[in-house]
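Chain B with the ligands: place on chain G using the hints.
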Amino acid sequence: MNDPRLVIDFCGLRFDTPLVLLSGCVGFGAEYTRVKGFSNRDAGALCLKGTTLEPRLGNPPHRICETASGMLNAIGLQNPGVDHVVEQILPTLDFTETRFIANVSGTTVEEYYEVTRRFDDSPIDAIEINISCPNVKAGGVAFGNDRKLSAQVVAACRAATTKPLITKLSPNQTDIAANARACLEAGSDAFAVINTLMGMAIDSEARTPVIGNNQGGLSGPAIKPIALLKVHQVYQVCREHGVPIIGQGGVAGAEDALEFLITGASAVGIGTALFYDPLLLPAVNQGICAYLDRHGLINVGQLTGSLRLHPSPIDSAEDTCPERARPGTAVPKH
Amino acid sequence: MTPSRRERGSNEEMGHNQPLYANHLKIYHYQHGNHFLAAMSSVVESICTGIFLEDAEILKQEACAGDQFLLCLKAPECARYARPGSFVHLQCDPRLPMRRPLSLMRASPRDNRIELLYKAVGKGTRLLALRQPGERISLLGPIGRPFQPHPEHPRPLLIGGGVGIPPMIFLADALRSDRRFRPFAVLGSEVPFPFQPRPSQYLVPGLPPQVIAAMPLLDDWGIPNRLTSLSDFPGCFRGYVTDLARKWLEGLDKSARAEVEVFACGPHAMLEAVATLARELGLPCQVSLEEFMACAVGGCAGCVVQVRTKQGPAMQRVCVDGPIFDACAIFG
Ligand SMILES: Cc1cc2nc3c(=O)[nH]c(=O)nc-3n(C[C@H](O)[C@H](O)[C@H](O)COP(=O)(O)OP(=O)(O)OC[C@H]3O[C@@H](n4cnc5c(N)ncnc54)[C@H](O)[C@@H]3O)c2cc1C
Ligand SMILES: Cc1cc2nc3c(=O)[nH]c(=O)nc-3n(C[C@H](O)[C@H](O)[C@H](O)COP(=O)(O)O)c2cc1C
Ligand code: FES
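Chains as they are written, first to last, in our numbering: chain G, 1 to 334; chain B, 335 to 666.
If you are wondering where the hints come from, they were derived from the structure by calculation, not from laboratory data.
Taking lysine to aspartate or glutamate pairs in the EDC-like style, the calculated list, with each CA pair at most 20 Å apart, reads:
id	chain 1	residue 1	chain 2	residue 2
1	B	Lys457	B	Asp401
2	G	Lys36	B	Asp389
3	B	Lys457	G	Asp203
4	B	Lys453	B	Glu524
5	B	Lys581	B	Asp566
6	B	Lys408	B	Glu469
7	G	Lys36	G	Glu97
8	B	Lys457	G	Glu205
9	G	Lys36	B	Glu411
10	G	Lys137	G	Glu54
11	B	Lys588	B	Asp577
12	G	Lys137	G	Glu114
Next up, chain B with everything else stripped away, as it sits in the complex:
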């Protein structure tokens, strides 16, 4: 079932070479924050690292297709403590009264670097796109409860849509150095991908033979992946990410399929479709949610989503109770 693989981790562009979540960090149990909602919910044990305010130097700002931008920042503390699913709260421009949340795509503690990928969609992200290397940006991070892959489910299925791709890259980066996991990724975009797709070096059973386009970085990391779009991009699957994911899942035998855990980030409608697919096949599924944020540290309750708990509905904060949630609690 498993595609042939090259030696893992040969591409060390950012120097990631640590086992999953091995950031020897000071993890402490996040007690007080839970009180905020405790009466209404049984918040699963929240683990949080401290949050740092850093004046991050812009190392690189690269325009990609589809109004997307790759931003590299020097932010040592954030780079050190970030985990897949973490985000930062950025001052895009001093003229704006509020910060903007963006997910981390990569973090390299060795180089003190973090990478973000964002799409210029409104006031804040457009102003961010004008910022130049050498300038400084205030960021607050890393924030949020990360994705939590379970070794009982050694076949993580990573699904990223649009600017939901970045946290999937971070997760892939963490998984590739942990030999217990054999991930597969499906990435979708309606604008050209923010990288140059190329034919994958991996054969993946269950997929149409003409669907060969892959993200080079993941491919080099030894993580088989495929691209999807409703637009007619060469080598990409024409359809939704969930259509291709289903084909991959159906190509697995029953016992292999039971080993799958789904991780997804992207537009709300995509997450809902992913959650439906996971539920249908009885697979665990973690999704990364977005909501407007003010403080991003749990203080204002401005960023809540409604979550189902054993005690009934609860409102939980996307910033610190999330942004990663169990899909069942959100989409029921």
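Next up, chain G with everything else stripped away, as it sits in the complex:
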């Protein structure tokens, strides 16, 4: 993709387009290039599969299943370990194609530190911290669900690298904005919003969960409204600091991408939608350009946070005016 209207600066990195291929959906960067017509160059950046210190076999099957307008996954971070990624895979990547972002995962703060340190000493362009991993020292509760633990992980990673650090926030918590603030103070340069929402699917005949891991992360169009709200909430924290957000969750076309940009994202992630349409990137890029033309804008960055809110508050997940939610009462027009 070569259109100056789409170029953005993301933490000092040049993204040729605001589109980012999401972690866990595009392997280690080479898999989708086997699809004729697919090019990593159509994305501004590509996040590699979540990487841990040691190799991991991951979860037993079934690892994925279809749900209404989306899917569940519980891959269990299958990966060959950070040393293999740095020594064997990164040298095979063509860094002129796009920006490659590592996705760091761990079960202890120390592991996050160590994996980040090893990526720091590599050609990788940026590091994304997947804080949605279970914390083995705290009974398996995800780091990302707790503000203090999230900040601890970010601080550890910050100490291990000078590369741009992106914290991938979990939607599985009550106050994502407070979490973002804590991570910002701990040194995060940017945010990815949101990771998957935990869910379950049941095989009623067998009376078992469909997913081998019993539960999994929900992604795809089903989560888009939630993702938009979370981006909106995190943007309120980021705006004044000029901290960029990679908005994600259910993007399947240009219209979705525009919605995330307008809400406050500087870049937009695409994951699950690729499984349905592997050649979707060029159309999304073109759709964004067409919108810019139509609205007389010269760069996609002008869209970020251009949302014009209605006068009523929507910052809370709940309706803040209970009387309005009551059935039978007239909903005031804005």
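Then chain B with the ligands, alone, in the frame of chain G:
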């Protein structure tokens, strides 16, 4: 030992006339994908062709017995590069968020056609069955490492169960034009077969004399074959595919039996039984596996199965490391 045979390849309904795997394709070594698992496994050299996204026109959709459907699609790139064991990842219906994997039964590069045989078992395949000729279906393919027959084993034994039959037809189609191979096929089904069985023109030693029903297409191709079912279908062997396969194997003398290589596709329990039989007789065996799939190009690691390797257990992707696996690695 070998049954009398007619001239091979007389039935050219789809114009297959090429030597095995002669798809002058751009085969390249699949390097990067292996890294995904390399630390945990010694993935045998993976060979892959490119994968194409095609808007395939439905040429024919034919309902067969037992909720089975024969689907013919116009998909030139897929037809050109497909090999026995390859599959496609289909958008059954725009209302569904995910694609569905289906094996190729036949591919004709000359006519730009591919044929699939599927059973309507759930949401996706039922919606697929409603699609009409003239409509278009997005497909991704061909995908997967194919069956690899070895000329050192010139007697391939093809075993297909239910909707595991399609890849066996494709393999048979490839083998029939390669004179080095003398295949025999056993096809099993618990619902009526998706074709009209007829008495075989081949005598096959070792089999009960009343077991004469065969698949006409394979028979016409010069490939002796027999049908099995637990249901009482006329002329079919009453029992499991492995029971009949065993009878055939026991009818071969020792040196002929050593020339057998087993290829199987079907329900997991059937594959396990086939693998056990092959192991007992010391025969090499390749099986085609199924698992839920998201991307089908190796990107998500959603479709893995546990495989035994020299380095210990590994998780390999059915979509690109398979779907064909060495039975020993799966069933130990
Ligand atoms: C490589 C490969 C080749 C196949 N070839 C054939 C074939 O030639 N003919 C045929 O009839 N069937 C074949 N199958 C099985 C076929 O993919 C499933 O029957 C189909 O996906 C079921 O979808 P559904 O929506 O109708 O069923 P549902 O049960 O509603 O499916 C729900 C979800 O589970 C997945 N799923 C359910 N069963 C299977 C399964 N056995 N394998 C993979 N995913 C499954 C579906 O894809 C879907 O995402 C093949 C599977 C694989 C992996
Ligand atoms: C199969 C699969 C695997 C994933 N693996 C990871 C991972 O390893 N690390 C991570 O941070 N996110 C992972 N994710 C989450 C995605 O990167 C993304 O945040 C999420 O799916 C929402 O976007 P989408 O709806 O466009 O897919 C995974 C998602 C899927 C569907
Ligand atoms: S389905 Fe994604 S790796 Fe096989």
